[in-house]
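Visitor: The lines below spell out each chain.
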Amino acid sequence: NAGVTQTPKFRVLKTGQSMTLLCAQDMNHEYMYWYRQDPGMGLRLIHYSVGEGTTAKGEVPDGYNVSRLKKQNFLLGLESAAPSQTSVYFCASSYRGGRGYEQYFGPGTRLTVT
Amino acid sequence: GIQVEQSPPDLILQEGANSTLRCNFSDSVNNLQWFHQNPWGQLINLFYIPSGTKQNGRLSATTVATERYSLLYISSSQTTDSGVYFCAGQGGSEKLVFGKGTKLTVNP
Chain X
541 NAGVTQTPKF
551 RVLKTGQSMT
561 LLCAQDMNHE
571 YMYWYRQDPG
581 MGLRLIHYSV
591 GEGTTAKGEV
601 PDGYNVSRLK
611 KQNFLLGLES
621 AAPSQTSVYF
631 CASSYRGGRG
641 YEQYFGPGTR
651 LTVT
Chain D
103 GIQVEQSPPD
113 LILQEGANST
123 LRCNFSDSVN
133 NLQWFHQNPW
143 GQLINLFYIP
153 SGTKQNGRLS
163 ATTVATERYS
173 LLYISSSQTT
183 DSGVYFCAGQ
193 GGSEKLVFGK
203 GTKLTVNP
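Those sequence lines, one after another, are chains X and D. Counting from 541, one number per residue, gives the positions in the first sequence under our numbering. Counting from 103, one number per residue, gives the positions in the second sequence under our numbering.
If you are wondering where the hints come from, they were derived from the structure by calculation, not from laboratory data. Accuracy of the hints is not assured; some may be wrong.
What the hints assert, rightly or not - Keeping only pairs whose Cα atoms sit at most 25 Å apart, straight-line, the calculated SDA-like set for lysine to any residue is:
| id | chain 1 | residue 1 | chain 2 | residue 2 |
| --- | --- | --- | --- | --- |
| 1 | D | K197 | X | K554 |
| 2 | D | K197 | X | Q557 |
| 3 | D | K197 | X | G603 |
| 4 | D | K205 | X | T652 |
| 5 | D | K202 | X | P601 |
| 6 | D | K205 | X | M581 |
| 7 | D | K205 | X | G591 |
| 8 | X | K597 | D | L206 |
| 9 | D | K197 | X | G591 |
| 10 | D | K197 | X | T555 |
| 11 | D | K197 | X | E599 |
| 12 | D | K197 | X | V590 |
| 13 | X | K610 | D | Q105 |
| 14 | D | K202 | X | S607 |
| 15 | X | K549 | D | W142 |
| 16 | X | K597 | D | S195 |
| 17 | X | K597 | D | W142 |
| 18 | D | K205 | X | Q625 |
| 19 | D | K197 | X | V628 |
| 20 | X | K597 | D | S128 |
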């Protein structure tokens, strides 16, 4: 049981380039989330999904797109990277059931945009 | 939406000391979690505690939902306890809102 995994772990992009971050979970969780963490701050929600084929905007969605084609995967895309998107990105997942919405986090992806 | 405030922002301890971290939230929650972010950036789930008290080794947490706060207790602190402790709350939506964290440094 790997829990929540993220690929890649590190990435450097030039301004204007595009990339996709992959999140995978093997816990059969319904809900999945993408957060970003900037220095000295807590995590902020970018987008989330409450089930396969669904997506919704979070607190800071601009400049990002997401897709949830399979229940176990949640993709985060940057179409035209900007230096302001330099951050650490965390994916999380949760059940929807008796334990409420306890979220489990992946190890993070450190992205630098130059 | 819900707001989460943590205090203190920074805390420096000698190994073996005890500490209490506080989390206040602005509205009722159906999910309240404590996390430890270690120096390598990994987020570790400590407690899922929307109400009541839980203990796990040297760590314990109490949430008083009616008064909208939660406390994390660390006893006999060790250098490996260093890092940032986050509290996060969730109200009526799917969104978990994080506080800005308490940075804990435990010196040998």
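Visitor: So, for every hint listed, does it hold in this structure?
Guide: A quick look at each hint next to the structure:
no.: 1; hint: D:K197 x X:K554; result: 31 Å, violated
no.: 2; hint: D:K197 x X:Q557; result: 29 Å, violated
no.: 3; hint: D:K197 x X:G603; result: 19 Å, holds
no.: 4; hint: D:K205 x X:T652; result: 24 Å, holds
no.: 5; hint: D:K202 x X:P601; result: 20 Å, holds
no.: 6; hint: D:K205 x X:M581; result: 11 Å, holds
no.: 7; hint: D:K205 x X:G591; result: 35 Å, violated
no.: 8; hint: X:K597 x D:L206; result: 32 Å, violated
no.: 9; hint: D:K197 x X:G591; result: 14 Å, holds
no.: 10; hint: D:K197 x X:T555; result: 30 Å, violated
no.: 11; hint: D:K197 x X:E599; result: 9 Å, holds
no.: 12; hint: D:K197 x X:V590; result: 11 Å, holds
no.: 13; hint: X:K610 x D:Q105; result: 32 Å, violated
no.: 14; hint: D:K202 x X:S607; result: 28 Å, violated
no.: 15; hint: X:K549 x D:W142; result: 12 Å, holds
no.: 16; hint: X:K597 x D:S195; result: 12 Å, holds
no.: 17; hint: X:K597 x D:W142; result: 29 Å, violated
no.: 18; hint: D:K205 x X:Q625; result: 24 Å, holds
no.: 19; hint: D:K197 x X:V628; result: 19 Å, holds
no.: 20; hint: X:K597 x D:S128; result: 22 Å, holds
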